[in-house]
Amino acid sequence: MQKFRFSRKSLGIPYALYLILFVVAPLLVLFYYAFTNGEGRFTVANLTGFFTDPNTMGTLLYSLAVAFVTTMVCLLLAYPTAYILATSKLRMKGVLVMVFVMPMWINFSLRITALKEVLNLLEGNLAMYPFLNAVVGMTYDFLPFMILPIYTTISKLDGSLREAAMDLGANEAQTFLKITLPLSVPGIISGVSMVFLPAMTNYVVLDMLYNSTYIMGSLIGSYFSAYDWHGGSMIALVLLAIICIFTLLMGGDSEENARGGALL
Amino acid sequence: MRNILKRMLVLLLAAGMLVPAAPAKAAEKPGKIVLRVCNWEEYIDEGGWDPKEETIDLESGAILGEKSMVEDFEAWYYDTYGIEVEVEYSTFGTNEDLYNMLTIGDVYDLVCPSEYMVMKLMAEDKLVPLSDNFFNTEDPNNFYINGVSPYIQNILATKEINGEAWGKYMAGYMWGVTGIVYNPDVLSEEEAATWTIVNNPDYYRQITIKDNVRDSYFMAIGALRSELLTSESFKGDADYPKRLENVMNDTTPETIQKVQDFLQSVKNNVYSFETDSGKADMITGKVVANYQWSGDAVYTMDQADEDDYTLNFVIPREATNIYFDGWAMLKSGVEGDSAKQHAAEAFINFCSRPDNAVRNMYYIGYTSVIAGGKDSRVYEYLQWNYGAEEDEEDVVEYDVSYFFEGEGGERSHVFEVPEEQTHRQLGAQYPSGENLERASIMIYFDADQSKAINRMWINVRCYNANDIPAWAWIVGGLAVVLLGVFIVRSRINKKKIGA
Amino acid sequence: MKKTVKIGYIALILLFIYIPILILAVYSFTDTANIGAKGHFSVKNYITLFTTEELLQMIIGTVLLAFGVAVLATILGTLGALGAFYSKKRISSAISVLNQVPVVNADVVTGFGICILLVVVFGVSKDTYIPLLVGQTTLCAPFVYLSVMPKIRQMDSSIYEAALDLGATPFTALWRVVIPQIVPGILSGFALAVTLSLDDYFIATYTKPATFDTISTYVVNATKGSQTSIKTALWALSTVIFVLVILFVLVMSLRSAKKEEG
Numbered sequence: 559m560q561k562f563r564f565s566r567k568s569l570g571i572p573y574a575l576y577l578i579l580f581v582v583a584p585l586l587v588l589f590y591y592a593f594t595n596g597e598g599r600f601t602v603a604n605l606t607g608f609f610t611d612p613n614t615m616g617t618l619l620y621s622l623a624v625a626f627v628t629t630m631v632c633l634l635l636a637y638p639t640a641y642i643l644a645t646s647k648l649r650m651k652g653v654l655v656m657v658f659v660m661p662m663w664i665n666f667s668l669r670i671t672a673l674k675e676v677l678n679l680l681e682g683n684l685a686m687y688p689f690l691n692a693v694v695g696m697t698y699d700f701l702p703f704m705i706l707p708i709y710t711t712i713s714k715l716d717g718s719l720r721e722a723a724m725d726l727g728a729n730e731a732q733t734f735l736k737i738t739l740p741l742s743v744p745g746i747i748s749g750v751s752m753v754f755l756p757a758m759t760n761y762v763v764l765d766m767l768y769n770s771t772y773i774m775g776s777l778i779g780s781y782f783s784a785y786d787w788h789g790g791s792m793i794a795l796v797l798l799a800i801i802c803i804f805t806l807l808m809g810g811d812s813e814e815n816a817r818g819g820a821l822l
Numbered sequence: 143m144r145n146i147l148k149r150m151l152v153l154l155l156a157a158g159m160l161v162p163a164a165p166a167k168a169a170e171k172p173g174k175i176v177l178r179v180c181n182w183e184e185y186i187d188e189g190g191w192d193p194k195e196e197t198i199d200l201e202s203g204a205i206l207g208e209k210s211m212v213e214d215f216e217a218w219y220y221d222t223y224g225i226e227v228e229v230e231y232s233t234f235g236t237n238e239d240l241y242n243m244l245t246i247g248d249v250y251d252l253v254c255p256s257e258y259m260v261m262k263l264m265a266e267d268k269l270v271p272l273s274d275n276f277f278n279t280e281d282p283n284n285f286y287i288n289g290v291s292p293y294i295q296n297i298l299a300t301k302e303i304n305g306e307a308w309g310k311y312m313a314g315y316m317w318g319v320t321g322i323v324y325n326p327d328v329l330s331e332e333e334a335a336t337w338t339i340v341n342n343p344d345y346y347r348q349i350t351i352k353d354n355v356r357d358s359y360f361m362a363i364g365a366l367r368s369e370l371l372t373s374e375s376f377k378g379d380a381d382y383p384k385r386l387e388n389v390m391n392d393t394t395p396e397t398i399q400k401v402q403d404f405l406q407s408v409k410n411n412v413y414s415f416e417t418d419s420g421k422a423d424m425i426t427g428k429v430v431a432n433y434q435w436s437g438d439a440v441y442t443m444d445q446a447d448e449d450d451y452t453l454n455f456v457i458p459r460e461a462t463n464i465y466f467d468g469w470a471m472l473k474s475g476v477e478g479d480s481a482k483q484h485a486a487e488a489f490i491n492f493c494s495r496p497d498n499a500v501r502n503m504y505y506i507g508y509t510s511v512i513a514g515g516k517d518s519r520v521y522e523y524l525q526w527n528y529g530a531e532e533d534e535e536d537v538v539e540y541d542v543s544y545f546f547e548g549e550g551g552e553r554s555h556v557f558e559v560p561e562e563q564t565h566r567q568l569g570a571q572y573p574s575g576e577n578l579e580r581a582s583i584m585i586y587f588d589a590d591q592s593k594a595i596n597r598m599w600i601n602v603r604c605y606n607a608n609d610i611p612a613w614a615w616i617v618g619g620l621a622v623v624l625l626g627v628f629i630v631r632s633r634i635n636k637k638k639i640g641a
Numbered sequence: 005m006k007k008t009v010k011i012g013y014i015a016l017i018l019l020f021i022y023i024p025i026l027i028l029a030v031y032s033f034t035d036t037a038n039i040g041a042k043g044h045f046s047v048k049n050y051i052t053l054f055t056t057e058e059l060l061q062m063i064i065g066t067v068l069l070a071f072g073v074a075v076l077a078t079i080l081g082t083l084g085a086l087g088a089f090y091s092k093k094r095i096s097s098a099i100s101v102l103n104q105v106p107v108v109n110a111d112v113v114t115g116f117g118i119c120i121l122l123v124v125v126f127g128v129s130k131d132t133y134i135p136l137l138v139g140q141t142t143l144c145a146p147f148v149y150l151s152v153m154p155k156i157r158q159m160d161s162s163i164y165e166a167a168l169d170l171g172a173t174p175f176t177a178l179w180r181v182v183i184p185q186i187v188p189g190i191l192s193g194f195a196l197a198v199t200l201s202l203d204d205y206f207i208a209t210y211t212k213p214a215t216f217d218t219i220s221t222y223v224v225n226a227t228k229g230s231q232t233s234i235k236t237a238l239w240a241l242s243t244v245i246f247v248l249v250i251l252f253v254l255v256m257s258l259r260s261a262k263k264e265e266g
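Line order of the protein sequences matches chains D, X and E.
Just so you know, we're using the working numbering here: the first sequence kicks off at 559 and counts up by one.
Just so you know, we're using the working numbering here: the second sequence kicks off at 143 and counts up by one.
Just so you know, we're using the working numbering here: the third sequence kicks off at 5 and counts up by one.
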């Protein structure tokens, strides 16, 4: 038997095994549950059930809408902020940016507690307007995740391009529309993917704000806690499929930024 | 190279060790019993009472919670049996949460769910029966069997599942009924005393209801069958209690569908579903009525009293759910470990000692199943708490003999209380015998029934695709088309640049 | 745009982000349990926070867990990135696709999947902390991988060849030459892993031992109840973390400012 020889490739073995054991295997388990019924027989009833039940479909569309509106609101709030920060010539700019990013290091449950208390103070925790309640909560939670990647992209832009445009007679609005905005699309994309996906699934935010309408995450969680693992696994797989389509649409190259690549 | 490997190994080990190090401070000494108890949130005395203001001065001696019940138990057990026990105490939010925690691998020795969940666990053979010694009335440390109310014990001994009485597996802890806490400045008792109030458009977005499937189901049937349930012929039926129980636990598909439709409309009328926020929302005046368990109702009214704000409690005229939260030992925890089982049963007994029952009642507002037997402190506490002052006007006699004596007693547990108390804390904590006539238990649903009503409940919480307004379809469609065009265009641009 | 408009806008966004946290911070120094109610100055929340054993254990446990997970995730993720970089294209793209799964998947699904696999299929007890460690590591390692990978790509590979030519064993060359070049990526991956673990709720809730709580699971459960002394102590916790983060940010920016000057 040949003695084991160190090679750089073999460095990847532990991680590859880990991925197979703890990423592939759980997915297989989910597949097993999704395509079987209570007696362990193969069935596609869970799949057809998902697409024919107005409640699951309604929840899917509803959470897409929540995620979409949340993403748009975050974008509208974050883009100007990031733009102003990136183009300003303040001396303490670095500190200011940190100030915007800081909430990410405070545990989300504590931040949402704070938000809840303030909403309570304003007479009405918005629980009776589930959609608004969801959008406000999610926006509050995810806004920094939108600001940071956009800021990073804009501040990396070559300033001379903008100056050149100005020199050629473009005004600030034109420069922005023709130069800055198109070039900051990668930042927008990574911000969007950091906000959109969690906004469909992070149901604890809603639970903490007394929201009684489910989004996809709460739907999956409630199937799991109602011991209906078969239905729950199917919904989880459908969601995963949607996420994959979404990620592909947003462009494969942005994926390395997703959720935290730009965080530090 | 060996050096590096070693270092890596150390790092790996460190990572493995680091974590359990702190929480596993129960680095168990040999002989020490670790008892894992899981109870409802805020469901036991946690001590720290103010001796000046909170001492309960009874004829048979003062009662004060200095340390938490759990700490006191640990000390008591050591003093009594000479064995060290450490209680790892944790809490759950709903019966369903607890069951779910158990199915996905949490291990407890002693849990305190409601009766229907105990029945479910019994039916699934997950429980260890209480030992014979636990029911031995000779042992003075058996506070439970010597102190439990005959009324409660009668129910536990007669209700059966698969031919076995509940009482064989479950020792009662707290009990109560469900009803409505309401603000008498806004609603009359007449208006509030019905389950249909949750669907009353006059109080649009001003009512909160319970966020769990069984309570909502019960409420919905109460409202849907309101006419039948309040009719004289139904109430006069010789078999009324049994019929009531059947109606309130009806799980035919048609009923489930009706309940789903009803709850969906309720969802658009109430302020929110809640697990615990209802109490605070009531006290701050954000809502005017709240579907509540009697114990939490007492707590709510107490808190409101402190702010000079009056809230009342009423038991709906259709029916009320009488529930029992009780201790049960899990096979996964105590089976085959007699020392642990002994400690678990001792924990139940310790909580049942009359002074401890009073402490828990005072602290959490619920009603203990303990009447006290020969020990009169529970009844004294009741008088201390609610008895009328000597010069008070507008007093009525209140009879709680059913609880302290059971049937066929001397009916001597009657005392004078201010009239208003019958609509308030007292009426909630020890409902009158008359109100209890329309009490029904929740029976346990088997796997298929559970699945059906769980699905129903999820559907209620979902957004129904049929409710999507036309404009939303149009806006959504437009957004999708625009996004599609945008993505395709940017793809094409990219390719052009690339080429 | 006018400068005042810009500053005004920035200020508004900052207010939106910070008003809740600041209000909570102010009220953490009072004796009232309701935000908006009148209260008197009091530090009792801080006393509760630092004297309640349950709270302290929960905080220490969360921090230790985060570092344990981060160490594991950093080792796995870094090795994985190196291995994938030097492997054949097919293998390396397979690894990077699988690596992507926990990144994009909903955490509730990741957590549940691992819980079912380990606890139900393999029968591992949650009390061993293994499901929790594995679960959070599965969440964090891919991010380490993602933050190390770009550094490997930027690395100058000729130095490694040169080291080999000079007689170093592949392992020494790797340790002495490659690793130092990617240290920034490893460090930021580590920090990212710590952050993710600290913030995680979903994985922990499905995989943690029954009697152990992280800050997230504890706070989420506590806010459902109305146990006021604990709840207000959590305001104090929020304030303490807030202050720590501010200090950290200040120190970091002062240091980077100094670097720029020097």
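It is worth saying that the hints were derived from the structure and are not from the lab.
Heads up, the beta-carbon is just placed ideally off N, CA and C, and yes, glycines get one too.
Fair warning: there could be bad hints in the mix.
[Unchecked claim] Each computed BS3-like pair below joins lysine-lysine, with the alpha-carbon atoms no more than 30 angstroms apart: (1) X:K482 - X:K310; (2) E:K48 - X:K194; (3) E:K10 - X:K428; (4) D:K736 - E:K48; (5) D:K567 - E:K48; (6) D:K651 - E:K155; (7) E:K235 - X:K409; (8) E:K235 - D:K651; (9) E:K262 - D:K651; (10) E:K235 - D:K714; (11) E:K92 - D:K651; (12) X:K194 - E:K235; (13) D:K647 - E:K235.
[Said to hold, decoys possible] Covered stretches of chain X, going by a simulated chain D footprint (3 or more residues, C-beta under 8 angstroms): (14) 237-244; (15) 298-305.
**Asked** Does K194 (chain X) pair with K235 (chain E) here, judged by a C-alpha cut-off of 30 angstroms?
**Response** 25 angstroms, holds
**Asked** Taking a Cβ-to-Cβ distance below 8 angstroms as contact, does the stretch 237-244 of chain X have at least three residues touching chain D?
**Response** Per the Cβ count (4), the hint holds.
**Message:** Against the 30 angstroms threshold, does the CA-CA distance of K235 (chain E) and K651 (chain D) hold or violate the hint?
**Reply:** 36 angstroms, violated
**Asked** Under a C-beta cut-off of less than 8 angstroms, do 3 or more residues of the stretch 298-305 of chain X approach chain D closely enough to confirm the stated coverage?
**Response** Violated, because only 0 residues of the stretch 298-305 of chain X bring their Cβ atoms closer than 8 angstroms to Cβ atoms of chain D.
**Request:** Take a quick look at whether K235 (chain E) and K714 (chain D) sit within 30 angstroms of each other, Cα to Cα.
**Result:** 43 angstroms, violated
**30 angstroms Cα cutoff - pair K235 (chain E), K409 (chain X)** = 28 angstroms, holds
**Message:** For a C-alpha distance cap of 30 angstroms, please report whether K567 (chain D) and K48 (chain E) respect it.
**Reply:** 57 angstroms, violated
**Asked** Straight-line Cα separation of K482 (chain X) and K310 (chain X) no greater than 30 angstroms?
**Response** 18 angstroms, holds
**Request:** Verify the proposed pairing of K736 (chain D) with K48 (chain E), using a straight-line Cα cut of 30 angstroms.
**Result:** This hinted pair is violated, its Cα atoms lying about 57 angstroms apart.
**Message:** Tell me if the straight-line CA distance from K10 (chain E) to K428 (chain X) falls inside 30 angstroms.
**Reply:** 38 angstroms, violated
**Asked** Are the Cα positions of K92 (chain E) and K651 (chain D) separated by 30 angstroms at most?
**Response** With a Cα-Cα distance of about 44 angstroms, the restraint between K92 (chain E) and K651 (chain D) is violated, given a limit of 30 angstroms.
**K262 (chain E) paired with K651 (chain D) [C-alpha distance capped at 30 angstroms]** = 15 angstroms, holds
Checked against the numbered hints given earlier, the structure breaks hints 3, 4, 5, 8, 10, 11, 13, 15 and satisfies all the rest.
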